[in-house]
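Colleague: Residues per chain, in single letters:
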Amino acid sequence: MLFGWWQYEFMRNAFLAVILIMPLFAMLGTLIVSNGMAFFSDALGHSSLTGVGIGVILGLSEYKPAMIIFAIVFALLMNRIRNSRLSSTDTVIGVFSACGVALGLVLLSVSGSFSRYQSLLIGDILSITKSEIILLTITLAAILILWLICFNRFNLISISPEIASSRGIPVGLLDNVFVISVAVVVMLAIHWVGLLLINAMLILPAAAARHVAKSARSYLVLTLIFGLFSGLLGLWFSYHNSFAATGPMIVLISGVLYFVTFFLRDNR
Amino acid sequence: MKACSLHCLKIENISVAIGDNAILRDVSLHAHCGELTAIIGKNGAGKSTLLRAILGEIPHTGTVFFSGHDGSPAGGLKIGYVPQSLSVDSGSPTTVYDMLASMISNYPVFLQRRQKTVSRLRDHLSAFNASHLLYKKLDRLSGGELQRVLLAAATLRKPDLLLLDEPVSGVDYSGLQLFYNILDSLKKSCDMVILIVSHDLDFVRRYADKVVLLNRRVEAAGSPDEVFKSGEFKRLFSITDAAKG
Chain R
1 MLFGWWQYEF MRNAFLAVIL IMPLFAMLGT LIVSNGMAFF SDALGHSSLT
51 GVGIGVILGL SEYKPAMIIF AIVFALLMNR IRNSRLSSTD TVIGVFSACG
101 VALGLVLLSV SGSFSRYQSL LIGDILSITK SEIILLTITL AAILILWLIC
151 FNRFNLISIS PEIASSRGIP VGLLDNVFVI SVAVVVMLAI HWVGLLLINA
201 MLILPAAAAR HVAKSARSYL VLTLIFGLFS GLLGLWFSYH NSFAATGPMI
251 VLISGVLYFV TFFLRDNR
Chain U
1001 MKACSLHCLK IENISVAIGD NAILRDVSLH AHCGELTAII GKNGAGKSTL
1051 LRAILGEIPH TGTVFFSGHD GSPAGGLKIG YVPQSLSVDS GSPTTVYDML
1101 ASMISNYPVF LQRRQKTVSR LRDHLSAFNA SHLLYKKLDR LSGGELQRVL
1151 LAAATLRKPD LLLLDEPVSG VDYSGLQLFY NILDSLKKSC DMVILIVSHD
1201 LDFVRRYADK VVLLNRRVEA AGSPDEVFKS GEFKRLFSIT DAAKG
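Protein chains in written order, with the working numbering: chain R, 1 to 268; chain U, 1001 to 1245.
Everything labelled a hint here was simulated from the structure, so no lab data went into it.
What you are looking at is a predicted structure, and each value in this text was computed from that prediction instead of being measured.
By construction, the Cβ of each residue, glycine as well, lies at the ideal position given by its N, Cα and C atoms.
None of the hints are false.
Distance windows between CB atoms, simulated:
1. U:Lys1188 to R:Val73: 47 to 57 Å
2. U:Ile1104 to R:Gln7: 47 to 57 Å
3. R:Phe263 to U:Arg1140: 18 to 28 Å
4. U:Arg1025 to R:Arg265: 42 to 52 Å
5. U:Ser1126 to R:Thr137: 37 to 47 Å
In silico DSS-like links for lysine-lysine, alpha-carbon gap of 25 Å or less:
6. U:Lys1210 to U:Lys1229
7. U:Lys1042 to U:Lys1010
8. U:Lys1078 to U:Lys1188
9. R:Lys214 to U:Lys1116
10. R:Lys214 to U:Lys1136
11. U:Lys1042 to U:Lys1210
Simulated coverage check for chain U against chain R, where a stretch passes if three residues somewhere in it have a Cβ under 8 Å from a Cβ of chain R:
12. 1093-1100
13. 1132-1143
Using the sequences and the hints given, assemble the complete structure.
Modeller: Here you go:
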């Protein structure tokens, strides 16, 4: 009963996907939440529709590169306008998010292929293949190396961009490196997680961990634990209840963790 | 180490404008090592903007020149900056250790703490009466505690130039007294130029060596007595304001 799922290859692949995606989401999610960029990553997810649309219009057989390139351009542009402080951040992100979805829908409906890509909305983690798992492993290794080298600088920028800048840290460059990392990971994962829920998976474990974490270290460790717990329990639960889609189950469990930790938070 | 009094920060004709709105016009000032120079002025006078221009964070005209004791340019100017506040919001798990360790080392703060780093930070913080705050979350610090921690952070790598943007609120009188005492001992013992934007005229009068009265341009500059007795000061600050400090 407990390990019956292991006999199926798609479940083993999904299991590996969860233990690769959740650490990736934990690393990015903690900084996204600390930087107040939850809507930023949400808008980025929405832009994936346009990326796919461009891929389809260009007649590409593999639309992922088009999605990633478009998402990077989209993220850098959104970041530039966000940092110019000419308009309030939520307005800028709202505009980008809406335009990303609308343009994507127009491109896909013009090419008559919207129904084919509807699965992008909710994703399907059970469809992940071995080669995609290898790609995820490489991405995780790359982000881990980036974090080992740059985390302290990212952390300081998050605490005070002015202090970071006064110490010669290239704030603008690292900010762009961070949003590019988010863009790439979101685009790689969206096919399995779905654009409706990807942001919830990115931010919910981190938001829950913030309630109870007492340092940057425990923040990341707890986010990782909450992410893996939700991911694996969600996968197991949906296997035993075929009516429950995996992605939404994972998000629901993360949501429960968020509310439980909310009541456990240290209010002193 | 004793202050050498010979390093000099020369700010010449700094102007900052956003569109047609001139925020600073031709601001010039000289500040020397071992001196505490206070920048005072009403809200909107451009005090924080001047600090940001010196930091190179905003587009400006004019020059900022830091020279060695022989008047030659001092290369690799190290700046310590104490901002008015942090971007950390309420509920952030970031501790004082996380912030300071991020400044002195590239060893990620999400890994196991290194005893060497902990000892170094504890030693450094003790000079700021803040070693007990090492593991406290930043959002749980009082105004005075945060100010001392930020001062400790700014002096971690022995800067040549210390820029302080004093918080407007959240620090009580005893907290301010402690802060200025620490600043005074730093001034006497360390080799650095100190420039502080201050809203507390009483402390400025007692601790500053030089005062610059700013109102988008330099209205008056000199010793605290000279500036506080100037007509420009009396015009900009009513007696009630001065008494409130």
